[in-house]
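J.: Spelled out from the first residue to the last, the chains are:
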Amino acid sequence: MFARIVWLVLRKDLTVEVRSLEIAYTTVFFAVSCVLVFAFALVREGQAPEDGAAGILWISIAFAGTLALGRAFERERQSETLRALLLAPAPRPAIYVGKLLGILALLVAAEAVLLPLVALLFQEDVFAHPVWLAAVLLTGTVGFAAVGTLFAAMLVRARSRDVLLPVLLYPITVPVIIAGVRATAVLLQPEVEMALVRFWLALLVAFDVVFVTLALWTFEPLMTD
Amino acid sequence: MPKWFMPAAATCGLMFAASPFLIANAPYESTMGLVQKIFYYHMPSAGMFLIAAVVCGVASVRYLFGGDPRQDRLAWAAAELTVLFGALALVTGPLWARKAWGVWWQWDVRLTSSLMGWMVAVAYLLLRRYGGPGSDKLAAGLALFGMANVPFIYISVNYWRTIHPTTTVVPTLPVSMGVPFWFCFAAFLLLFVLLLRLRVRLEEQRARVDALYLSLDQ
Amino acid sequence: MDRTIVATMTALLLTGAFVATGSAQQPQQPEQQEQFLPIEELPPQDQLPAAPLLVTAYAFVALALFGYVLSVARRLAVVQRELERLESDVKGSRRT
Numbered sequence: 002m003f004a005r006i007v008w009l010v011l012r013k014d015l016t017v018e019v020r021s022l023e024i025a026y027t028t029v030f031f032a033v034s035c036v037l038v039f040a041f042a043l044v045r046e047g048q049a050p051e052d053g054a055a056g057i058l059w060i061s062i063a064f065a066g067t068l069a070l071g072r073a074f075e076r077e078r079q080s081e082t083l084r085a086l087l088l089a090p091a092p093r094p095a096i097y098v099g100k101l102l103g104i105l106a107l108l109v110a111a112e113a114v115l116l117p118l119v120a121l122l123f124q125e126d127v128f129a130h131p132v133w134l135a136a137v138l139l140t141g142t143v144g145f146a147a148v149g150t151l152f153a154a155m156l157v158r159a160r161s162r163d164v165l166l167p168v169l170l171y172p173i174t175v176p177v178i179i180a181g182v183r184a185t186a187v188l189l190q191p192e193v194e195m196a197l198v199r200f201w202l203a204l205l206v207a208f209d210v211v212f213v214t215l216a217l218w219t220f221e222p223l224m225t226d
Numbered sequence: 016m017p018k019w020f021m022p023a024a025a026t027c028g029l030m031f032a033a034s035p036f037l038i039a040n041a042p043y044e045s046t047m048g049l050v051q052k053i054f055y056y057h058m059p060s061a062g063m064f065l066i067a068a069v070v071c072g073v074a075s076v077r078y079l080f081g082g083d084p085r086q087d088r089l090a091w092a093a094a095e096l097t098v099l100f101g102a103l104a105l106v107t108g109p110l111w112a113r114k115a116w117g118v119w120w121q122w123d124v125r126l127t128s129s130l131m132g133w134m135v136a137v138a139y140l141l142l143r144r145y146g147g148p149g150s151d152k153l154a155a156g157l158a159l160f161g162m163a164n165v166p167f168i169y170i171s172v173n174y175w176r177t178i179h180p181t182t183t184v185v186p187t188l189p190v191s192m193g194v195p196f197w198f199c200f201a202a203f204l205l206l207f208v209l210l211l212r213l214r215v216r217l218e219e220q221r222a223r224v225d226a227l228y229l230s231l232d233q
Numbered sequence: 159m160d161r162t163i164v165a166t167m168t169a170l171l172l173t174g175a176f177v178a179t180g181s182a183q184q185p186q187q188p189e190q191q192e193q194f195l196p197i198e199e200l201p202p203q204d205q206l207p208a209a210p211l212l213v214t215a216y217a218f219v220a221l222a223l224f225g226y227v228l229s230v231a232r233r234l235a236v237v238q239r240e241l242e243r244l245e246s247d248v249k250g251s252r253r254t
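Protein chains in written order, with the working numbering: chain A, 2 to 226; chain B, 16 to 233; chain C, 159 to 254.
Same shape as in the complex, but just chain A (with noise of 0.2 Å):
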């Protein structure tokens, strides 16, 4: 029961979104353009300054993922659907992971043009740990995601709700901006102290169980009017 609603409400946001792309297009130029802002404020003499790869790739997945979270609970506004998910006789929690499950794949899919341009952009060996810095960007994004969907859908009954997503969502993300960018840091390295990357690695997995089972947990009664 709880998979399936999961899987058609994933299923509903993804046939919605390939029918037009519009998010992901428009989440993946603003991801590219901030790259290259940031490049061009950084670079000095072809040489970004030490770290600055993984800070500038995990500032345009938080720039970019506000942009895709405002989008996605805009489209949902806009005709209501929200309302009438929310009135389907289908627990509160399934439909958060399948609009959750739905950002990820937004993301991710956004994630994967970002790290090559930054590979390819600041002369980092991106693919020297593969397996390891998969981990950290795809638990950084799920705490990242967990947070703002709850949020974006909290903040869909709200005023000014385009300025909120963000002053809400970056305080309460930093542990996540820190620990990625600090990650991703390390990996980047020439040399690579594992045991750094394994603490970061925990610490992500321990903020991700603890903040969707909050968000789980306190889904039903933010949204009920």
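Any given hint could turn out to be false.
[Claimed, not checked] Calculated lysine to aspartate or glutamate pairs in the DMTMM-like style (CA-CA distance at most 20 Å, straight line):
(1) C:Lys249 - B:Glu218
(2) B:Lys18 - B:Glu218
(3) A:Lys13 - A:Glu81
(4) C:Lys249 - B:Asp225
(5) A:Lys13 - A:Glu75
(6) A:Lys13 - A:Glu77
[Claimed, not checked] Short, incomplete list of chain A residues facing chain B, as computed with Cβ under 8 Å:
(7) Val148
(8) Met155
(9) Val175
(10) Ala180
(11) Ala196
(12) Phe200
(13) Leu202
(14) Phe208
(15) Leu223
Hints listed in this document are in silico derivations from the structure and should not be mistaken for laboratory results.
Because the structure is a prediction, the values reported are computed rather than measured.
Quick reminder that beta carbons are idealized off the backbone N, C-alpha and C, glycines included.
Mind docking chains B and C on chain A? Use the hints.
T.: Frame of chain A, contents of chains B and C only:
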């Protein structure tokens, strides 16, 4: 207002009026000298910042799962005081640090997590101010997430930057410094309770106004 | 005779070279410091006067607390006035 409010407010005013004399008479600290005296207002501000944040978080969780509007009013009042006392701590801190450490700001655990907590409180107020109808629940959710975030911020910043200032000096204060410190702390605590009561009163009156408007409409 | 001259010459040259490299290792610092004014005599943190920082801190606390109390009092007065007006309205509507 309750009966105790006016006498307590008078006591609080007297305590704040007396505190400069106690602070002036306290001895100088051996390495930091005069500037260390910021401590007597800085540390109580930071303490009230923390207490206000905890009150806001607990009240928010109780509102979210209980639905009692009194808890919501308490949470809102506490959030505003979190921003106020947080601003006091975050402004007096760098003024002290400029002399004691030679820099205005350090990316140290305590400073960074205080700043992040303060930002969450500011976000809470922005949400309540501009969120429109229904923002009470959203703000309660934000407070809950902000509370859950504290250990993560602390661990991540601690690992990212491991420069610690020695601020765990309070239990070891000599009497000559301890008396003015605890006096100031008590004054700030009293002020906090008074301001909280006053701010909750404001929300209560607003709720009464709203209820009256509703009854007039009917 | 020639040998001793050569030996002393090389010894002199070597010591000269050593002195030169030794001084070359830290050449700039004394020269640049001559340009500075006598303020440089104490480490910078001793130069900072503490009193203005202290006064700023206490003044900020006092002003911020005063401003906050004032703002709450003003907001309360506004609400109180509205409440009284509404209450008299309600009474008036009941009488009629």
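J.: The structure should be examined with respect to each hint, and the outcome stated for every one.
T.: Evaluation of the provided hints:
no.	hint	result
1	C:Lys249 - B:Glu218	23 Å, violated
2	B:Lys18 - B:Glu218	19 Å, holds
3	A:Lys13 - A:Glu81	15 Å, holds
4	C:Lys249 - B:Asp225	16 Å, holds
5	A:Lys13 - A:Glu75	15 Å, holds
6	A:Lys13 - A:Glu77	11 Å, holds
7	Val148	7 Å, holds
8	Met155	5 Å, holds
9	Val175	5 Å, holds
10	Ala180	6 Å, holds
11	Ala196	11 Å, violated
12	Phe200	7 Å, holds
13	Leu202	12 Å, violated
14	Phe208	5 Å, holds
15	Leu223	5 Å, holds
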